[in-house]
Structures are given as C-alpha cells and as structure tokens.
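Chains A and B are the protein sequences, given in the same order.
Each number in the working numbering comes from the position in the first sequence (counting from 1) with 4 added on.
Each number in the working numbering comes from the position in the second sequence (counting from 1) with 4 added on.
FYI, nobody ran anything at the bench for these hints, they're computed from the structure.
Note that the coordinates shown come from a computational prediction; the quantities given were computed from them, not determined experimentally.
Be careful, since some hints might not be right.
Note that identical chains are pooled: a pair holds if it fits in a single copy or bridges any two copies.
Claimed, not checked - The list that follows gives simulated cross-link-like pairs (lysine-lysine, DSSO-like), each with its CA atoms no further than 30 Å apart:
1) 37 <-> 133
2) 162 <-> 12
3) 92 <-> 133
4) 99 <-> 165
5) 129 <-> 92
6) 129 <-> 38
7) 38 <-> 133
2 protein chains.
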Amino acid sequence: MIDKLVEKIRKTHAPIVAGLDPVMSFIPEHIQKKAFEEYGETLEGAAEAIWQFNKGIVDCIYDLIPAVKPQIAMYEQFGIPGLHAFLKTVDYCHKKDLIVIGDIKRGDIGSTSTAYAAGHIGTVKVGSKIYHPFGEDFVTVNPYLGTDGVKPFVDVCKEEKKGLFILVKTSNPSSGEFQDRIADGRPLYELVGEKVAQWGSECMGTSYSYIGAVVGATYPEMGKILRRIMPKSFILVPGYGAQGGKGKDLVHFFNGDGLGAIVNSSRGIIAAYQQEAYAQFGAEHFGEASRAAVEAMKQDIDHALLAL
Amino acid sequence: MIDKLVEKIRKTHAPIVAGLDPVMSFIPEHIQKKAFEEYGETLEGAAEAIWQFNKGIVDCIYDLIPAVKPQIAMYEQFGIPGLHAFLKTVDYCHKKDLIVIGDIKRGDIGSTSTAYAAGHIGTVKVGSKIYHPFGEDFVTVNPYLGTDGVKPFVDVCKEEKKGLFILVKTSNPSSGEFQDRIADGRPLYELVGEKVAQWGSECMGTSYSYIGAVVGATYPEMGKILRRIMPKSFILVPGYGAQGGKGKDLVHFFNGDGLGAIVNSSRGIIAAYQQEAYAQFGAEHFGEASRAAVEAMKQDIDHALLAL
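Okay, chain A solo, but in the shape it has when bound:
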C-alpha cells in the first residue's frame, strides 16, 4: 500500500491528504435540510448529511489527490448511524481509487490491538467466512502502550500489505506535556521515532516502509530531526492551515527525493466555501470551493518544495 501511495503522489504531484472530518457547522444548510426532511432530526439524519457532504467533496477532488483521511471520531459521535456514514465514505473513496487513511488513533494491549487491527485493516472470521469490516488502507496508531500494543497492527500490515501512521509528535499545543519529556537525555518523541524506524524496518515497500509516523506541521524543527531518525518512514503531517502550520514549514518533513511526507488539511479543504477566499462559490458549490482550496494547497507545497 505504501508503494501505491508513492505512485499516486507521483501521478498527482500532490503529497496531500484531504481530512474528511465533517462537523455539522461545515455542512451547507441545503444538505442538512434535505437529510432532515428524509430522516428527521435524528442520528440517521445527521449521518445522511455527513455522507452527502463527503460525497459532494470527494466527487470534486478525487482526481487531484492520492488519499483521504476520515477522522472516525467525527462519525462515531453520531453513534451507529455515524459509523455507517464512515463505512460508506471509506467504500466510496475506494471506488474513486483514493487511498483511505482511517484516523482512528487506536492502541491497546496486544489481544485488543489485534481486534482493532483485524476490524480496520485486516479480516475477521465468522464460522467459515472471512470479512473485511471497515477496510481502510492505513490507520493511525497510538504508541503509549509500547511494542506489544503496536505489533498486532504491524503483523496485519505484513499480511494484508496495509500501512500505519504511528503518533510520534502530535500537532496540538499540549503535545509536549508528555511527548517532549527528556528521557535518557532525549525527548520521548525521538525514542518513539526510533521505535517507528525499527518496527518499520521489518516491512519495507520499494523505497519506503509500510510503517509511517504522525508529526505535526506545527513543530517543523522537531520534524527535521524526526525526518533523519526515520529516513524510510512516510510522515503524515497534520496541522497545516487551520492549526497554524505553513507551507514553508513543510520542507523539513520531506526527503531529498521530494517524497516521504503527506500533508493533511481538513477544515481548510472541506469547509473552504466558508472562507473569504472561496466565498464566491457559495454554499451550493461547496465541492468546487474545496477543489480550489486543494489546488491552492498544492501550489503552496510545490513552492515550498523548491527549497529541497
């Protein structure tokens, strides 16, 4: 799957992932209204609105980018119907030949991580039948429990040729509270980064490992060091745009080959029509606003990568 990601980045010239993190306030009135008319002001109604919103965006941007990253929390908050919209989104993106990174940040003791890995990137057996319940291509994993909480995900990646992005240094303001603690003379995130490189060395694609890392765009200096610690790991970079990360900061996350990182933008793409820069599209044409935002982001990153 990492080879497919590299190939699609090369083809689209866009190391970009669109974060499909729908919040009700992002969804245009006309979509909400139609969904509520059909399903009422219910969890099913919310899920229908989310699904129609996602579909509208994906239809307008699928040819520009290699991958999407639905944040499962935004669906899970609407219970079972919300998760059904997540699943429909994953399936639809696959039909559009997009790589799907499930932003699930799971991680638990071994036997429990095995279950999460099976459900999201692997298979479960029911009697004599085999199912792929959620079917994402990559998932994000929380490393706080150490190797035996991560290993079951790695094992499934080997079997199914799927991939991971493991949280190393997250984009949020308080990420340093524990992640930056100096242990054995070095910050914890570096130790986690070393483990990612080690886990990743066991499952290499052609030029990059199946096992990547999450490092926030909001911490470019740390990104520079982590890029060196994990030379063969793809870095998923959240925090661009709305969270404060800028194009020029991104260069540190890439390798000299112009690869090695994929930058996420969520609100900046999916709620583009609410920004002044794209207001001319109006709520009716929210998908086209998203397309324009992806094109602008592509230019911003292209420009930054000239410095490589």
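On the provided structure of chain A, position chain B as indicated by the hints.
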C-alpha cells in the same frame, strides 16, 4: 457517577468489574450455532452470538457486582453489527442497574476528543434534538496527547456527571517501554499520575474524583506509589487473573477506607466455564460458571483486603 460507583461497591462488597470482552472462541457452540442459523455466518451473526453471550452472563452476575467494562475493540472488529451489539450491551447493563465503563482508550487533539466525549459519555445535537449516542457512564482515555486531548473528556464529565479512567501504567508486558522512561528524575507514569490528580481535583464527588486512572495489577509496586500520588482518584486495575495479577498484589491499589480501586477480570469471568475449576457447569450453563468465578474473585479480594 463516582458516588454511585462507591455506593454500589459498598452495597455489593465487591470492588469488581466484569470485562465483557467477548472473543468468538469463548462463546459456547450452541449460541454460535443458533445465531448463525438465524443470521448466517455474517457480521450480524457474530454480533448476535456476542450479544446473546453477554446477556447470558449479565443475567447471572448483575446482582453481585457494581460495574461492567465492555472492551469496544471486541465489538468494533465485527464492524457496524459488532458496534450495534456493543450498544445493546450498554443499554441492557443499564437496565440491570450496572455501571458501564466503556473501555475505548480514545484520545486525540482537542476538537476530536470533544467529538469522542460527546459520542460516548455526552450528547450530540442534531437540529433541535439532543441524543446520547453510546451512553456509557465512564470511559478510558489515552493521555499521550497531553492536557488538551484529555480536557474535553473532563469537561463533559463535569456537565454530565460521568467519569474517566485515564491510562497511567498499563498492564501489558511492554508498557514500560515509554511509560517507565525516567524524565526529570521520575518515571513518565508518575508524571501522568500527577496530571490525573490535578485534572481530577477539578471535579470531585463526595470522597473521590470523577477522574480515575488505569494501573495494571501486574505492577503492584508502581501501584503503591501511584496510590499515594493520586489519593482521590479511583484506580481501575486490569491484569488480574489471566494476565498474571494476583489477589495479594491488589492491596496496594486500595486506600485505608477499603475503597479507591476496582479490579477488572475479563476472561476469568466470562470464559470461566472453559476453566478446569468450573468445568462441571458445562457450556450450557456458562453464566452460572461466571457467577461462581465472580464469587471466587470476591473472596480472593476480600482476603487480600484484610491486610489493609
């Protein structure tokens, strides 16, 4: 909710939580067969088997214990139907007046943790209507992202009188890989424990905080120190039984009032009928075997607490 937990522990004399972590191999043949006859060897069939298994156990043990802890991964692995079985289990346990600890180990950046908190222990708004999508009473939370990943859960606890158990020192063999790193002269889990005490001081029940911690039974010496660092936090103690934690190790997790900890057993209770000690019940009477296992666990803990 913490006051209700304390009251129920006092009433049942059992600081015990039954981990409803169904694995297909735990579920008696006759239940699987019936579920597959009705729904086929499908995800729905697996979910029906899980639900009937849980119901059989809960019916036999609900009067002996204060709380249950379904591990959501065991349901999530069977996709949407599995999560539907999770929801049915939560609802059914509430009908039996059990406190439900959702073992979800979520944790993300602020806006995303807000969504998880809303979905699991809070409410979501759809148009003018309010819903409680999953409706657990407590959830487990991963602290790797620091305060702004935890705070949204704490805020919902204040509003809804719900509770948390935050991962401090987990029960698995490799938990020390990051959690035991010495930072500023002290292991990371102590620093996390201090934060738990601090977050918890903002939302106190009568004698304990709404904000508790997870500390594995497999690390009793660390439990002793963490008990002192977080005197007002309830400790959820996994790792008893199948993972190697013993009754005599548990005493360190309790306060002098005989409270302050609740011990989880999953396999030891729900798959009791597969153990030699309870084999006489047979698979047909798996629920009664679970009841006997709960009674034995209660005695073991009672005995250990004499040392307080």
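Q: Can you give me the call for residue 129 and residue 38, within, between, both or neither, at a CA distance of at most 30 Å?
A: Between copies only: 17 Å across chains, 39 Å inside a chain, cut-off 30 Å.
Q) Can you tell me if residue 99 and residue 165 fall within 30 Å by alpha carbon in one copy, between copies, both or neither? A) within (19 Å within a copy, 44 Å between copies)
(Q) At most 30 Å between CA atoms: does that hold for residue 162 and residue 12 within a copy, between copies, both, or neither? (A) Within one copy, since 21 Å is at most 30 Å while 46 Å is not.
Q: Up to 30 Å between alpha-carbons, please classify residue 92 paired with residue 133: within, between, both or neither.
A: Both, since 22 Å and 24 Å are each at most 30 Å.
Q: First find the shortest C-alpha distance between residue 37 and residue 133 inside one copy, then the shortest across copies, and answer within, between, both or neither for a cut-off of 30 Å.
A: between (41 Å within a copy, 14 Å between copies)
(Q) Please sort residue 38 with residue 133 into within, between, both or neither, judging by C-alpha distance up to 30 Å. (A) Between copies, since 16 Å is at most 30 Å while 38 Å is not.
Q: Measure nothing new, just compare the shortest in-copy and cross-copy C-alpha distances for residue 129 and residue 92 to 30 Å and report within, between, both or neither.
A: Both ways: residue 129 and residue 92 sit 22 Å apart in one copy and 22 Å across, limit 30 Å.
Checked against the numbered hints above, the structure violates none of them.
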